[in-house]
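Colleague: Top line first, the protein sequences correspond to chains L, W and F. Note that the first sequence ends on residue 291 in the numbering used here; no numbers are left out. Note that the second sequence ends on residue 329 in the numbering used here; no numbers are left out. Note that the third sequence ends on residue 313 in the numbering used here; no numbers are left out.
Hints listed in this document are in silico derivations from the structure and should not be mistaken for laboratory results. It is possible that part of the hints are untrue.
[Unchecked claim] Quick partial rundown of chain F residues pointing at chain L, CB under 7 Å, derived from the structure:
hint, residue
1, Q144
2, M146
3, F149
[Claimed, not checked] Now the stretches of chain F that chain L is said to cover, found in silico as 3 or more residues with beta-carbon under 8 Å:
hint, segment
4, 250-264
5, 277-291
[To be verified] Each computed DSSO-like pair below joins lysine-lysine, with the alpha-carbon atoms no more than 30 Å apart:
hint, chain 1, residue 1, chain 2, residue 2
6, W, K78, W, K175
7, W, K78, W, K38
8, L, K27, F, K127
9, W, K224, W, K175
10, W, K78, L, K195
11, W, K175, L, K195
12, W, K78, W, K206
13, W, K38, W, K206
14, W, K38, W, K175
Just so we're clear, the structure is a prediction, and the values are computed from it rather than from any experiment. Ideal Cβ placement from N, Cα and C applies to all residues, glycine included.
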Amino acid sequence: MTATAIAAPTKRAGMVLTVWRRFRTQKLALLCFILIIAQVLISVFAFWVAPYDPLEPHYVDAYALPNKTFLMGTDDLGRDVLSRLVYGGRVSLSIGILSQVAAVLIGLPLGALAGWLGGWVDFVVTRFIEILTAVPTIFLYILLMIALGPGFWNLMLAMTITGWTSIARLVRGQVLSLRQTDYVRAAQAMGGDNKHIITTHLLRNALTPVLVNLTFGVPNAMTAEAGLSYMGLGIAPPTPSWGNMMGTYQGLIRTNWNLTVFPALVLALVMMTWYQFGEGLRVALDPSIQI
Amino acid sequence: MPEPMLECVDLVKSFGVRRGVMFQTNLRLFAVDRVSFKIDEGDTFGLVGESGCGKSTLGLTVMQLYTPNGGQVHFDGKALVGLPPDELRQVRRRMQMIFQDPYASLDPRMSVEQILCEPMDIHNIGSRSDRLAEARRLLDVVGLPPDALDRFPAEFSGGQQQRIGIARALALNAKLIICDEPVSALDVSVQAQILNLLRDLQDQFKLTYLFISHNIAVTGFMSKRIGVMYLGRMMEIGSSDTIINRPSHPYTQALISAVPEPEPSKRGKRRMLTGDVPSPIDRPAGCAFHPRCPLAKRLQEPERCRTEEPQTRELSDGHVVACHFAEER
Amino acid sequence: MLRYILGRLTGLIGVLLVVSALTFFLMHAIPGGPYDMVALQHAQMIPQDLLDRINHLNGLDKPVWQQYLIYLNNLLHFDFGYSYISSGRTIVEIFAEHWPYSAQIGGLTMIFSFAVGLFLGILSAMKRDTWIDRVITVLMLITQAMPSFIVALFLKLFFAVQLGWFPTQGWAGPNTWVLPVLANSGGPILTLQRYTRGAMVDVMGSEYVRTARAKGLTERRVTLVHVFKNALTPVVTVAGPMTASLMTGSFFVESMFRIPGLNWYLSGAIGNRDYPMIMASTMFYTAIMTIVYLVTDLLYAMIDPRVTYVKAR
Chain L
1 MTATAIAAPT
11 KRAGMVLTVW
21 RRFRTQKLAL
31 LCFILIIAQV
41 LISVFAFWVA
51 PYDPLEPHYV
61 DAYALPNKTF
71 LMGTDDLGRD
81 VLSRLVYGGR
91 VSLSIGILSQ
101 VAAVLIGLPL
111 GALAGWLGGW
121 VDFVVTRFIE
131 ILTAVPTIFL
141 YILLMIALGP
151 GFWNLMLAMT
161 ITGWTSIARL
171 VRGQVLSLRQ
181 TDYVRAAQAM
191 GGDNKHIITT
201 HLLRNALTPV
211 LVNLTFGVPN
221 AMTAEAGLSY
231 MGLGIAPPTP
241 SWGNMMGTYQ
251 GLIRTNWNLT
261 VFPALVLALV
271 MMTWYQFGEG
281 LRVALDPSIQ
291 I
Chain W
1 MPEPMLECVD
11 LVKSFGVRRG
21 VMFQTNLRLF
31 AVDRVSFKID
41 EGDTFGLVGE
51 SGCGKSTLGL
61 TVMQLYTPNG
71 GQVHFDGKAL
81 VGLPPDELRQ
91 VRRRMQMIFQ
101 DPYASLDPRM
111 SVEQILCEPM
121 DIHNIGSRSD
131 RLAEARRLLD
141 VVGLPPDALD
151 RFPAEFSGGQ
161 QQRIGIARAL
171 ALNAKLIICD
181 EPVSALDVSV
191 QAQILNLLRD
201 LQDQFKLTYL
211 FISHNIAVTG
221 FMSKRIGVMY
231 LGRMMEIGSS
241 DTIINRPSHP
251 YTQALISAVP
261 EPEPSKRGKR
271 RMLTGDVPSP
281 IDRPAGCAFH
291 PRCPLAKRLQ
301 EPERCRTEEP
311 QTRELSDGHV
321 VACHFAEER
Chain F
1 MLRYILGRLT
11 GLIGVLLVVS
21 ALTFFLMHAI
31 PGGPYDMVAL
41 QHAQMIPQDL
51 LDRINHLNGL
61 DKPVWQQYLI
71 YLNNLLHFDF
81 GYSYISSGRT
91 IVEIFAEHWP
101 YSAQIGGLTM
111 IFSFAVGLFL
121 GILSAMKRDT
131 WIDRVITVLM
141 LITQAMPSFI
151 VALFLKLFFA
161 VQLGWFPTQG
171 WAGPNTWVLP
181 VLANSGGPIL
191 TLQRYTRGAM
201 VDVMGSEYVR
211 TARAKGLTER
221 RVTLVHVFKN
231 ALTPVVTVAG
241 PMTASLMTGS
251 FFVESMFRIP
261 GLNWYLSGAI
271 GNRDYPMIMA
281 STMFYTAIMT
291 IVYLVTDLLY
301 AMIDPRVTYV
311 KAR
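Start from the sequences and build out the full structure, keeping to the hints where you can.
Modeller: What follows is the structure, encoded as structure tokens:
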């Protein structure tokens, strides 16, 4: 019957719409969401947004402070700082988002299986998580990056390896508590097998904290990338990254403050928008908070 | 004599419990301790007892949602314990459950249509339009409008949510429905509606119910036979009439006497129980009820009550009691 | 309980073993030996026979798994070997020389963050929804968005370079302590403030506090006596791991301010591929983290003597 057939897709959309409506009421978070979209657009269209080629040296104009030609000045090779910032943003954003997505792709199924199946599966997964979390994160990054060498995809790999554990733990906890709910029991009573219960009930209900975790994970990942690049272990020059810009030029802080201050400011601002967006999303997704 | 629809023989369900901080002891909590009873087709068997007596656990164990640690469950001729998973899945179509908290028993993120179609999806019954039609039929059977299909559980009242739960239980043409305190969470006026609905459905579809409740009046209304549980053990089983009007076990007597009777002339002597219900982990030795038993007090604490666990024995046709001194009045 | 402790200790040893194995094999999987860096420094190739002798001396010519077992054996004797780069110094010596600096930063940071974090948390809880609370929230928000090295950068730039109030580097006297500790404390203060505020607000609305108020105690007494005591529990939970991470997290601060702590030394070691140093540090910090977690869990279990565990089968 056509009426119900049309109703079917909107039912699922019904939840999304409700969340969106709730999210919209939080003005600050909404603003940050728009800013994030702007960030993504700028990164994608970096070629058009950036005034200069980030790798192109202008030796004559090197070490310039902000002026009319180079809005944020130039570095030691005369490369435009603003353009490098734009392209650096591309790096930060893509690492931030992609690493989290990868972490969820690995962590979610592992956590769900560990929580639902229990037994040796749970044992193995939990041991893995334990070992990975026993080592301070910084060390893990360092060890991995030394072993792999600097570079975008190596960094992605390292961040995925360290990042999946928190999602897995979260999902596992969720699944463990969802196991005790009556509707899961009812589904078992109906004859639902593991696969059915996980895909139909558990994932649906565990989604909220995963989404929130993911959203907050992005700025954390960006910090990690910045920190590692700062130390020389993340993205290597000449590819611009906010972190490696800060790291390379920190010695020039007295004279060419623009080389470190601008990347720092941009990083801080971008992270703030993500944190605010995450807060807004968290509140919108929480059914116990009245809006 | 036809085979009973459901028969439990010496069913046991226990849990491992650790207590203490420094030196932990491993204890066993016997939530269900050698319980036996049977239900004939089309009948309702009521299971009463106080909180913590194990009746809900019994329901879940019968459903095989908990794996029993001992005993057997015979359903529709099949022995359920030890059944291979595939066969159990098939058996599950005939045995369904309604839960105490109507909202908790429905996935809050699924629409009513998805909830009702879920059983059919699991067993791959019919096409998509068949399932939709069936969902609409089920809504009609329980007295809900067809536009409920597109809505989510949170949009309904408690009574309506329970109706959805009932509709879902009927989706696979189940024969046995285990009702775990189905009306305890509802307002009194709504309770009556749901109970009447259950009875109508029973007549209409020849359903068999295991009706679990802590409310004796409600259980008496619904059931043909009643079993009384205390701390995991079955204390007395008998017809509804016997249990309510001529209970033999001192615990049953106390429970019945506690039911408020509006008619002053019918009010019997109130038998008060002393003390609190002990924790199921620390079950008293011998008869589990003996520390609180008014009969034991009257008989000056007989040795037998303290040392020997009473076995269920048949007093008269269909009436079993687990008490050493059930004949005493 | 004893069983539990033993179980956890075994777990700890297991984890350390696995970590040591992983690190060990990881380091050896990297192409190039430890002397490449030295060779680069001196801009000459090391003659092969010399290389062979050194390798033999250090046992580097044995198969990898054998080297691992030898390493483990040494570990048991607390012999971490010699640093490859700082010729002639044992790891233990290096640790002993540089660890105190890191410990001092860590310790001071802890004290400072706890004081400020708890204070701000209590303040924002007691005065919630007033302008004070909002100001604190904004401050915390800014802190959250700034990783420690950025904070360090700005502090250095502003207070040291521009204003010249504090020296830009070194660690010799209270003067030098201010900026590094400030930079390091950002994260912990944020976490502590959040947790304290959250816990206090939760407790403030709860039943037994209402009872205390009904008894007629003054607001302040209610707060100090009842609310704070009970809000302390989640803070204690957080305190443990925070201590652990404080010890490991001062990388950036140390390098920014040129403080000769262990982390600073470590970044040099990493650049120079000083394997024994890297391994030892990893093990060391991992051990600290795991032990701290264990102690926290134990304390928790002691505080909560209820039936802890029901196994459904």
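Colleague: Which numbered hints turn out to be false for this structure?
Modeller: Nothing - there is no hint that the structure violates, so all of them hold.
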